[in-house]
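J.: Below are the chains, spelled out letter by letter.
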Amino acid sequence: MSTASTSPSATLSQPSSSAGALGVRLSGVGRTFDSKVVLRDVDLDIAAGEIVALIGASGCGKSTLLRQISGLDQPSTGRITIDGSPVAGIDLRCSVGFQEPRLLPWRSLEHNTELGLPRGTAKGEGRERVRELLRLVGLGHASGLRPRQVSGGMAQRASLARALARRPGVLVLDEPFGALDALTRLQMQDLLLDVHSAEPTTIILVTHDVDEALYLADRVVLLGADPQAPADGATIRSITVVPGARPRDRGDATLAHLRVELLDGLGVSAHHSS
Amino acid sequence: MTEKPSLAEAPAPDSGAGAPASLHQYASTYGYSAAGTEGNLVREPVRGERRGGQGWIIVAGLVLPALLLVAWFLISALGLVPEYRLPAPQSVWLAAVEFAENGTLATHIAISTQRVLLGFAAGSILGLALGALVGLSKWGSAFLSPTIGAFRAVPSLAWVPLLVLYIGINEDSKVTLIAIGALFPVYTTVAGALRHVDPHLVELGRAYGLGRLQLLTQVQLPAVVPSIVSGLRLALAQAWLFLVAAELIASSMGLGFLLVDSQNNGRVDRLFLTIILLGILGKTTDALIGLLEKYLLKRWS
Ligand SMILES: Nc1ncnc2c1ncn2[C@@H]1O[C@H](COP(=O)(O)OP(=O)(O)OP(=O)(O)O)[C@@H](O)[C@H]1O
Ligand SMILES: [Mg+2]
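Order-wise, the sequence lines are chains A and U. If you read the first sequence in the working numbering, its first letter stands for residue 1, the second for the next number, and so on. If you read the second sequence in the working numbering, its first letter stands for residue 1001, the second for the next number, and so on.
Among the hints, erroneous ones may be present.
What the hints assert, rightly or not - Here are the computed distance ranges between Cβ atoms for each label pair:
#1 U:T1217 to A:H257: 48 to 56 angstroms
#2 U:D1198 to A:H208: 22 to 30 angstroms
#3 A:R246 to U:R1212: 40 to 48 angstroms
#4 U:T1217 to A:D211: 38 to 46 angstroms
#5 U:D1198 to A:G244: 51 to 59 angstroms
#6 A:G152 to U:A1071: 53 to 61 angstroms
#7 A:L145 to U:L1165: 55 to 63 angstroms
#8 A:L263 to U:P1146: 54 to 62 angstroms
Said to hold, decoys possible - Not the full set, but computed from the structure, chain U residues with beta-carbon under 8 angstroms of chain A:
#9 L1201
#10 Y1208
#11 V1219
#12 R1299
By construction, these hints were calculated from the structure, which means they are not laboratory data. The structure displayed is predicted, hence computed values, not measured ones. The C-beta atom is built at its ideal place from N, Cα and C for all residues, glycine as well.
So that you can see chain A by itself, here it is in the shape it has in the complex (with noise of 0.2 angstroms):
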């Protein structure tokens, strides 16, 4: 991982080809599969170059959410808009970061990579793009290497790579850093801010890190659903606003209760006792 040590904000700096950040919106938003309720009523206003993340147990919805605001599917109920016009179908303004690497497996790491770029990008152009983003990651050995001869975390680094290809306007992540051994996870996390102050987007991610959650966001979602009626299906049940400017000291203490707070949201406790 020595290629991650060089500071990506130095080759990142040129200037932006997309529009910039972009606010997203939702109003009343719910879904619901058959007659299962899986989310309901999700009010969210998020702020151009905002950075939100997505907590909530397994199987609450998050992905769910992510596919909403990305067009992959419809609400059932509520509406979303992006920069104020609404999403209709899939809505390019938003780049996806899947759950799984979603690698095609006959193209290399870089050609998978090229996936991202926004159409019409010049030959040459894109390629240097692809080479610094695969660099930054720390691919840069082995962009040429086919999706089933790398490991999980390779996979799964090349898939933020592409979903950063395009300059998005909003990126959704769902669990980006969820495959990655402890040590480049938290390389990954400082990446990530970096192209976020490079070029200014605004990031929606899904973690089940809480830790990862108070490094980088601007405010912390819990989704979850009213453990007196479960069956009405999941929102949102606080949204935490994290203090202090980023880049944050990961053992900063004053964030401490939050952790607490939002593990005890989670249904965790903080402290094992039995």
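Given the coordinates of chain A, assemble chain U with the ligands onto it according to the supplied hints.
T.: Frame of chain A; chain U with the ligands shown alone:
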């Protein structure tokens, strides 16, 4: 992966029986092998063979044929089976030399190969197109697949009388029959594979802005390349099978004709020669597709 149904395994027309009996035998042979080959769509896993191992494998594969040849030689040298039932290897060789010298062998082989290739090409192209329609479009599938399924259920040799009636006994009817034989394996594999392309990858393509056509060329087709090739491989085996059927029924040239002709003249040596030639030709064309398959699997998976 099912081997190309070896023609040498097909029941050879009994020397006493007439043509209708052998037609029935071929029909039942076909019915059996069609079910066997089309049903078996499991792809052979790519094996990472090392270079050094390659030569050893070829030698190992040649051991049994060599043993068979020796056994054949001994059996006929010892006179265990009369010559009119089992010719000696050298008389088969002599038959080959005689044929080769007067040029008829090359003609028979050429005309048969031409029929197989034409029928195979026509059948595979049609099979690909139909398979793509049915595999990619819900409407296409709803509209077409029951009908195609019904046509497929008709044992393909049942078309023969109709083909003869409509087209006549000529090249076209033979090539058409072979095309019918080649069509269904390609159709079935391609339609099935396209239907089962990983939905995650298709969704990925859509999420990254690929249109319908780009989705097809960049995600769906590459995903089914290995299946297409194994479908083609099955189709080629079928094409040889149908070639012999077509030529047995009515022809004045080609390897199938040679079988009937040798049978009628009691030339067991030529019968053996033809069967061996069919085996060699089938295996060679199959090996060529096998090479293509190997290359494509390396490239696309
Ligand atoms: N296409 C679908 N059809 C039916 N039910 C679905 C569908 N997609 C999701 N669900 C249901 O919606 C619920 C939420 O799923 P989702 O994938 O959003 O959970 P998640 O919060 O992302 O979970 P995890 O943390 O395990 O990834 C699940 O109970 C799932 O069964
Ligand atoms: Mg999920």
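J.: Hints first: check each against the structure and report whether it holds.
T.: The hints, checked one at a time:
One distance hint, 48 to 56 angstroms for the beta-carbon pair U:T1217 and A:H257, holds here, with the actual separation near 54 angstroms. At roughly 25 angstroms, the beta carbons of U:D1198 and A:H208 sit within the given window of 22 to 30 angstroms. Separated by about 42 angstroms at the C-beta atoms, A:R246 and U:R1212 satisfy the suggested range of 40 to 48 angstroms. The hint said 38 to 46 angstroms for the Cβ distance between U:T1217 and A:D211, and at roughly 44 angstroms that hint holds.
Range check, U:D1198 to A:G244: about 42 angstroms between beta-carbon atoms, so the 51 to 59 angstroms window is missed. Between A:G152 and U:A1071 the CB atoms are about 54 angstroms apart, so this pair conforms to the stated range of 53 to 61 angstroms. For the pair A:L145 and U:L1165, the supplied restraint of 55 to 63 angstroms holds, since their beta-carbon distance comes to about 59 angstroms. For the pair A:L263 and U:P1146, the supplied restraint of 54 to 62 angstroms holds, since their beta-carbon distance comes to about 57 angstroms.
For U:L1201, the shortest C-beta to C-beta distance to chain A is roughly 6 angstroms, which falls under 8 angstroms, so the interface hint holds. Checking U:Y1208 against chain A by beta carbon gives a least distance of about 5 angstroms; that is within 8 angstroms, so the hint holds. At its closest, the beta carbon of U:V1219 sits 7 angstroms from a beta carbon of chain A; the interface hint therefore holds under the 8 angstroms criterion. With its C-beta approaching chain A no nearer than about 7 angstroms, U:R1299 sits inside the 8 angstroms limit, and its interface hint holds.
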